[in-house]
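Got two chains here, each in a separate frame; can you build the complex from them with the hints?
Chain order of the listed sequences is A and B. Following my numbering, the numbering of the first sequence begins with 1260 at its first residue and continues without gaps. Following my numbering, the numbering of the second sequence begins with 754 at its first residue and continues without gaps.
In case anyone wonders, no lab produced these hints; they're calculated from the structure. Just so it is clear, CB atoms sit at the ideal spot from N, CA and C, and this is done for glycine as well. Take the hints with a grain of salt, since some may be wrong.
Here are the computed distance ranges between Cβ atoms for each label pair [stated by the list, open to error]: (1) A/Gly1507 with B/Pro867: 28 to 38 Å; (2) B/Ser859 with A/Leu1287: 51 to 61 Å; (3) B/Glu1050 with A/Gly1390: 11 to 21 Å; (4) A/Val1515 with B/Thr1149: 52 to 62 Å; (5) A/Trp1383 with B/Ser859: 54 to 64 Å; (6) B/Val889 with A/Leu1394: 44 to 54 Å; (7) B/Val889 with A/Ala1379: 48 to 58 Å; (8) A/Arg1512 with B/Phe886: 52 to 62 Å; (9) A/Lys1562 with B/Ile760: 38 to 48 Å; (10) B/Glu1050 with A/Gly1345: 19 to 29 Å; (11) A/Leu1287 with B/Thr1149: 39 to 49 Å; (12) B/Trp757 with A/Ala1321: 52 to 62 Å.
Straight-line C-alpha distance at most 30 Å; calculated DSS-like pairs for lysine-lysine [stated by the list, open to error]: (13) B/Lys860 with A/Lys1417; (14) B/Lys861 with B/Lys1058; (15) A/Lys1417 with B/Lys1058; (16) B/Lys1058 with B/Lys1046; (17) A/Lys1562 with B/Lys1006.
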Amino acid sequence: MIITEKTRTGEYLSTVLKIILQRLALGLLTLFVVSILIFAAVNLLPGDFAQAILGQGATPEAVEAIRRDLGLDQPPITRYFQWLVGAVQGDLGNSFAQANFASFVGADSGNKASVAAQIAPRFWNTMFLAGVTALIAVPFSVLLGILAALYRNSAFDKFANMFTLSSISSPEFFLAYILILFLAVLNPVLPSLSNIYQGMGLGERLEKTLLPALTLTLVVTAHMMRMTRAAIINLLASPYIEMARLKGMSPMRVIVRHALPNALAPIINVVALNLAYLITGVVVVEVVFVYPGIGQLFVDSVKIRDIPVVQACCLIFAAAYILLNLTADIMSIVSNPRLRHPK
Amino acid sequence: MSVWLQIIGVLVACLALGWLLRFAGERVTGGRPFFRDMSLSVAFGYVVAVVVLIWIIWSYYLARTLVAPEVNKYFFFRLAIEGFLLFAAAAWLFRLLGRSVGTAGSKKLFRQMPLTASFGLFTILIYALLAIFAGVIAPHGQEQILQGVAANIPPGGDPAIGGSADYPLGTDQIGRDILSRLIYGAQNTVGIAFATTCLAFFIGGTLGFLAATLGGWLDQILSRTVDVLMAIPSLIFALLLMTIASAWAGSEKGLLTFYMVIIIAVIDSTRVFRLARAVGVNIVVMDYIEAAKLRGEGLTYLIFKEILPNATAPLLAEFGLRFCFVFLTIASLSFLGVGIQPPLADWGTMVRDLAQFINFAAFAPRVASAPLLAAGAIALLTVAVNFVVDWMLHRTTGLKE
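So here's chain B without its partners, still in its complex pose (with noise of 0.2 Å):
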């Protein structure tokens, strides 16, 4: 309870600070008007801003300074902001080499990019690198029990605890490295969720396009299926599913994740098709759309040169979203123990298995380092394609409010 009342204190105090400031500023400046206008929750703002600015600092400071055992609290502090400072410096220097390589449109468009939209599209780049060259960056198989190591060596690499140099993350329950399939789940994961947004589109997006330009009672009977399939939550249509699949499945895991993919791509494509249909409804009612069906093309004609290149901005938004989705959607799936299956290696059963050692924190920080990792490189590639989305809807869009 004391902690709520310290933080009640605290705020308390920044506000009494803010006053001052106010008042303080307002006399040195003899009535500026940036103080004589200044509203007494601004200046709390400032306060506050500045409080935690000195406090992040202090605490960097001890994390650098102080020594085990006291130091082990401020670990992950200082892992995340070393990560987050890293990151920014990576995405600047980013930005800085698409301004200077690249053809006039590349450099053009490096030059008007936040720094958000350059760390996403360089995440993004790392990701895609890591997921192709896994085989050639990884020590070991994603599935080799590794001969004459012990299982379960704790991360960290520190031999006072039974870690081991050449396996910096340690090894999992039946030993096997657990840095390999870290990187391997960069394949897996996000390949199969990359497989599975294509999928989506090409069942949503062909369906929408048929339904816009047919109407009728395609459209009807696809529309009204669509808002019955909508009308379940999605995870818990996707579990419901993934019962069923894994009787028909039996104990074939491969064909389970195959199930999976399908299940998962037509509950996404009803999102798809939603977006499809509404996009390609207004483009239907076009003048030109009107000539080439006086023309006498057919429909190929119609979807694939007349609707589709008019409606790439809207969909290759909604891709990275629903990527986004997809890969969330089967992260947790594989996290509640029914989505990818082993001895495949992935992120959401990698956090499932080595949740427990987070509890080790307080005295052996890196032991708990290890799922955390694998939860955090689900999180940073789904911030990433977010960024870049939030960035390419402003730019398309004109969003300038």
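If we strip away everything but chain A, and leave its shape as in the complex, we get (with noise of 0.2 Å):
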């Protein structure tokens, strides 16, 4: 039987098609499942939301009077799916904190008090920091790791893996303490603080991110470096690299040409998985910067208890960080020689 070029293509895009649905529709399910998860938390809390805003010294009524504007006199399963569909559409529910506000200036709570509209212009803004953060680090690690792969064993690899393997052991507010020391107050080269608001220059948006976004490349370099340096120096022992050494290839052309691409699904998979372990650095390193982004509005909500907005958080970030491990698990596959050319 002769199978043409073009079924052999079909095969290929129906199974890899088949299995990035199976992902999808498994990591759909694992975002509802978590959602459960969150919403159930929450409802652990000791009485409940209308005591937490009010206080102790409420009276009954006034208790209530919310608990019955906030729908909490309903079954937690009528109110899990209220808030889930609400969420699905983008309505996000209302902050405590900001209607506690509005309430005491005696100003209508409308659209100000809900959680989507505080979220939304610093989602935007952590997403810019993540994204300043990758531009920078992932070519920078991948040439490391290169370049540790191609020099492997000599004093330059050891001292890259000593000072990558520091910089991933220190805690994230120490290496920004560090730059801040060095680059903000000692040698004024750049703010210490990011003050963004909107409306800003690119230009001058860049300069304030760009210290955050580099405490957050000292973070994320070392495990990705690494990564690329193990999947490179794990195929240098096969037949086809020595072949190609043989023949006569410059080292670096050896590297790059014969090892780089078939290391490249280990290395799609890492900076993937790295970028979600972003999601987690981001927090501490916006309270550090004073970052106007979402993991600083998440910290500010945890400490004085503002639940929707804690819950919204939560969610957003969850949904990320499982998004990229879901596209990591994706690229691999896509990126696996041995599915793209069935046999």
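Here's what the structure looks like:
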């Protein structure tokens, strides 16, 4: 039986599509279960939101009124689905702190108090920070990994290994303060506070984002660099690499043309995983630099127990984390040559 | 902007110098293979290394010769260089000591040890001593508000700016000695992290081995639960649960610290579970397990006498890494203000409270060193543990590439 090239491609597409759809469904299911978990965890609170807002000295009537306002008199399952449907439509409920503030001033709580309105601008700020970090960190660490593999066991390799191991094991705030000390206080090159506001020019915005982005780069580089190095070195023992070397190719060319394409799957995988890790790192770094992102909002809300905001931020972080892990998974499937060229 | 242009200029100059070096080397040695086969990037690397080395020596020279206020700029640089050399020397001496004292086995261990690993062991030993004997070493109590001593004495002991020689690192905002709190921090931060890691290993290890030996529905339920728990980033999940715990604990600060230990232990036990199960599954299929089962041994015997001894090496390495992770998580939580609660002294909280002093670094560098000491203490321990784990993995698995 003759198998044409066309049917092969079709076969490949259907296999990959099937796997990707499977993973997507699994990811959605995970997200659904995680949302239940977040909702259930918050409902473990002693008393309820109404008491949390009004404090200990509230009259029963006031508590009752707020409870009715927020729909707390309904069973948890109904409330969960209301929350979920709202969240999917972009309505994440109202912030306690903002509602409190609005009622205190006597203003109409209206649009300002909604969690979505609070999160939206900060979400883009955080995305900007993560984007800048990825743009610096990914090329830098892959290049470093290639160089470390090329000059393996040299002084450069050992130094890079020691340096990255130290930077990955330091807490984010230590790296942040060291960078502030040297690049903002002793040598005023970059601003130490990132007061980003809307309508800021790109250049200025970039300058203010650079220090937090550099800190995050230091945090994620180590893992990516080590994995790139390991993935390439793993391949260097294979016969086809030896062949290329015996042909008289330069070592750099052997690595870039022959080893790198086959090492791409694990590298892409680890890049996506580290971008997922950025999400956790962003929280501390945003607090240090007072960067108006979603991580800072999250920490502030945790401290004042603004439950709807905490829930919403948690859901967003979890969704991004699951999505990036899913991407890592799918990328490594797609870049697997055995799947790309089925027998 | 000009700074960036300067850096680019220096790098381009290095490239030119590298080319020159190769050319000159080839001419002088008459085409030795070392120079002939050197690629431009290698030559560039050599030149950059030399330039950085000269720059470091020159800056250190400036740091030793300049006087205030110019020297302030180099104070931390000098501190870093001297600290690095001091620790390197200490690690070297420690290794030398280990090579000459002890049993034949430990001597052999020290002979094969790289300097990074002996640095790690030495540092861990110091931390352990500090943590155990904190009460003896520290000049004051951790919660003691010193009577008759001003609050907010700046660190450095310089009377010109209000410092005091009795309190080398100054006092905090309510008049407690910062040096004592730094020493007690070793006890609290490291001790709590260690207890949390042990708890995480107890939970995760037990469940993981149970899932591996029993299999079936228990394995399925546990594995899927862990999958879901791991789908939430751990710091985010910890923060969410800490919000709830703080509502439960109310105004009892000690209780909140206890809840934090439980929360982080449970979150981290998922990672331990994964590893313990993976290792356990590989061991369960071995013949000696089959033999033990046929002998009629019970579950406890299987887990503790057959599986555990064969899973020690990977679990021990994981313990080191997990400890680092837990330690960093607790430090981050404390830094964010929801971790270890006052009045317990703790490094993360100290960094947050003292951070504003960093802005004085340009004119009073000693003042800025207090928050960095607390943050550096955290970093030093995790770096040390990582170095030791790296060496252990290298040794036990024979990762020789």
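Quick rundown of the hints versus the structure:
{"no.": "1", "hint": "A/Gly1507 with B/Pro867: 28 to 38 Å", "verdict": "holds, 35 Å"}
{"no.": "2", "hint": "B/Ser859 with A/Leu1287: 51 to 61 Å", "verdict": "holds, 55 Å"}
{"no.": "3", "hint": "B/Glu1050 with A/Gly1390: 11 to 21 Å", "verdict": "violated, 57 Å"}
{"no.": "4", "hint": "A/Val1515 with B/Thr1149: 52 to 62 Å", "verdict": "violated, 34 Å"}
{"no.": "5", "hint": "A/Trp1383 with B/Ser859: 54 to 64 Å", "verdict": "holds, 57 Å"}
{"no.": "6", "hint": "B/Val889 with A/Leu1394: 44 to 54 Å", "verdict": "holds, 52 Å"}
{"no.": "7", "hint": "B/Val889 with A/Ala1379: 48 to 58 Å", "verdict": "holds, 55 Å"}
{"no.": "8", "hint": "A/Arg1512 with B/Phe886: 52 to 62 Å", "verdict": "holds, 59 Å"}
{"no.": "9", "hint": "A/Lys1562 with B/Ile760: 38 to 48 Å", "verdict": "holds, 40 Å"}
{"no.": "10", "hint": "B/Glu1050 with A/Gly1345: 19 to 29 Å", "verdict": "violated, 56 Å"}
{"no.": "11", "hint": "A/Leu1287 with B/Thr1149: 39 to 49 Å", "verdict": "holds, 41 Å"}
{"no.": "12", "hint": "B/Trp757 with A/Ala1321: 52 to 62 Å", "verdict": "holds, 59 Å"}
{"no.": "13", "hint": "B/Lys860 with A/Lys1417", "verdict": "holds, 25 Å"}
{"no.": "14", "hint": "B/Lys861 with B/Lys1058", "verdict": "holds, 29 Å"}
{"no.": "15", "hint": "A/Lys1417 with B/Lys1058", "verdict": "violated, 40 Å"}
{"no.": "16", "hint": "B/Lys1058 with B/Lys1046", "verdict": "holds, 12 Å"}
{"no.": "17", "hint": "A/Lys1562 with B/Lys1006", "verdict": "holds, 14 Å"}
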